[in-house]
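Asker: The chain contents come next:
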Amino acid sequence: MSLRSVQSLLVATFGLLLITFSNVSLAQDSAHAVAAEGKEAAHAEKEGKFNVTETILEHIKDSHSWHLWGHTSIHLPVILYSDKGLESFSSSKLMNEHHEQVVYNGHYPYKVVDGKIRVVNADGSVNKEASARVWDFSITKNVTALLVSVTLLMLIFLSVAAAYKKRGVNSAPKGMQSFMEPVILFVRDEVAKPNIGHHYIKYMPFLLSLFFLILINNFLGLIPFFPGGANLSGNIAFTMTLAVCVFIVVNIKGNKSYWKHIFWMPGMHWSMKLFLAPIELIGVFIKPISLMVRLFANLTAGHILVLSLVCLIFIFKTVYASAIAVPFAVFISLIELLVAFLQAYIFAMLSAMYIGMAIEEHHHHGDHDPHYNESED
Amino acid sequence: MLLEINPLVLPDVGLAFWSLIAFLVLLFVLGKFAWKPIMKAISEREQGIEDALAKADKVKAEMVALKSENEAMMNKAREERAKMLKEAKETAEKMVSEAKDKAKSEYDRIVAEAQQAITQQKNAALTDVKNQVGSLVVEVAEKVLRRELADKTGQEKYIKELAEGVKLN
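Just so you know, the sequences run in chain order A and B.
With this note's numbering as the guide, the letters of the first sequence map in order to residues 1 to 377.
With this note's numbering as the guide, the letters of the second sequence map in order to residues 1 to 169.
Note that these hints are calculated values from the structure, not bench results.
No experiment lies behind these values; they were computed from the predicted model shown.
Beta carbons are placed, not taken as given, at the ideal position from N, Cα and C, and that holds for glycine.
One or more hints might be untrue.
Cross-link-like lysine-lysine pairs, in silico, DSS-like; alpha carbons within 25 Å at most [what the hints assert, rightly or not]:
1) B/Lys86 / A/Lys174
2) B/Lys36 / A/Lys253
3) B/Lys86 / B/Lys102
4) B/Lys40 / A/Lys202
5) B/Lys32 / A/Lys166
Simulated coverage check for chain A against chain B, where a stretch passes if three residues somewhere in it have a Cβ under 8 Å from a Cβ of chain B [as the list claims (entries may be wrong)]:
6) 55-61
7) 146-155
8) 229-241
9) 305-316
The following block holds chain A by itself, in its conformation from the complex:
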């Protein structure tokens, strides 16, 4: 008991220290900016030196470099595809020694505007027409986090698989194997089996990959420093990709009765059938969209909440605000741990449910009960 209180005290002190120092460095940063450019300084003064929205969005959005500490960051490679072909250069070229965005002359003159690489005109304004033709396939912060998480997943599960091979099936699991087995069994028994039915084994690799990819990225996103801290599973492009994968699997595997239930609902009057068909058709697309938005919104909201609490200290401009902000941030972070697991579970479970609905065999066409009134959060 006393150990725990000492632990929490340590955490609080550490948080306090961290925030004090980052406060200082932030002050240095702004001082630096003031010294560097008069125009910027005037702008900052007018805004009140600290823009909460910008700070939070900067942490949540993707970036072409990975900020480590102070003025140290990893410059990630930029890969662009335009009508002039593929080109690749380091993102350090888009930044000068004062960490300001500068124009880099590749196939086009590029500059980072609002976190995205844009083609600029000679006078520095964004050339929207040319920018629309440039496709950004850069290894951004989120892509790096994705690669890290995929590598971690492979390392973990290939070693677990090797443990099964080495130890045989008749001995109890050990180490990482015993840690992962209950989670795998959870996905099998709580996610796949009840929602898909007896064909569940075919969809296990898909569901397990989905679940663990989301789970590990949710957890890595909660770690505030490298290699975590990228808000990958709170990025709509990532959730969209996964949702599209689910959409494709569901609609490819959908059987005759699934399509019949969409376009010509059995057991209904013909007028109801006509009425239900467009609704069901929209539902086909709404389902993956709800998956996409749910994961994105939950994770992003959690990050915004934690960042907002920490920003309270900078809003009040006093270190004493951390007395309230830090415990709350810790509390929200703990809830985020739960949310991280929950959202991975919900994503996998709803995917399993959609697959289950698509491959379900209907033997009774007489009395039809609509069994897809799912709960949305």
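With the hints as your guide, set chain B onto chain A.
Answerer: Chain B in isolation, oriented as in the chain A frame:
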């Protein structure tokens, strides 16, 4: 447009592209080298445990059956033993009584035979004695009468008469 207003809800093509590739690679590699063997191993172990439990139950039931069978056999054996003992006793008793009966009849027969033999021998002996006595008497009388009587034929006739009188006794 809404997507232009909030940069958070505008999906990046690049990230979507890399996500797709990463997910497909993950799905392929883990699906082939991790999920399949792991799921197989887990279900094999579960099957093994189930089999072992079923086997244990079966063995248990067999044991119970065996035990009751053994008991039945024991009971049967006990019954048989009792029956055998009873039968043996009866047989022994029967044998003893038969032997007794046989012995008694033999004894009776032997006694009867002996009595018969005794009677016969007694009669034979009596006859012999009578004959000897008769002949002795005749001899003695001859000797006596030789001297006293001259008429031999008259005498013999008279003796014969006497002797027949003796035989009739």
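Asker: Does each hint fit the structure? Answer for all of them.
Answerer: Cross-check of the supplied hints:
A hinted pair counts as satisfied when its Cα atoms are at most 25 Å apart, and B/Lys86 with A/Lys174 does not qualify at roughly 68 Å. For the suggested pair B/Lys36 and A/Lys253, the alpha carbons sit about 20 Å apart, so the restraint of at most 25 Å is met. For the hint linking B/Lys86 to B/Lys102, the alpha-carbon distance of about 24 Å falls within 25 Å, and the restraint holds. With a C-alpha separation of about 12 Å, the suggested pair B/Lys40 and A/Lys202 falls inside the 25 Å cut-off, and the hint holds.
Proposed proximity of B/Lys32 and A/Lys166 is supported: the alpha carbons are some 17 Å apart, at most 25 Å. With a threshold of 8 Å between beta carbons, the proposed coverage of the segment 55-61 of chain A by chain B holds, since 3 of its residues qualify and at least three are required. With 5 residues having a Cβ less than 8 Å from any Cβ of chain B, the segment 146-155 of chain A passes the three-residue criterion, so the hint holds. Counting residues of the segment 229-241 of chain A whose CB lies closer than 8 Å to any CB of chain B gives 6, which reaches the minimum of 3, so the coverage claim holds.
With 0 residues bearing a CB less than 8 Å from a CB of chain B, the segment 305-316 of chain A misses the requirement of three and the coverage assertion fails.
Checked against the numbered hints given earlier, the structure breaks hints 1 and 9 and satisfies all the rest.
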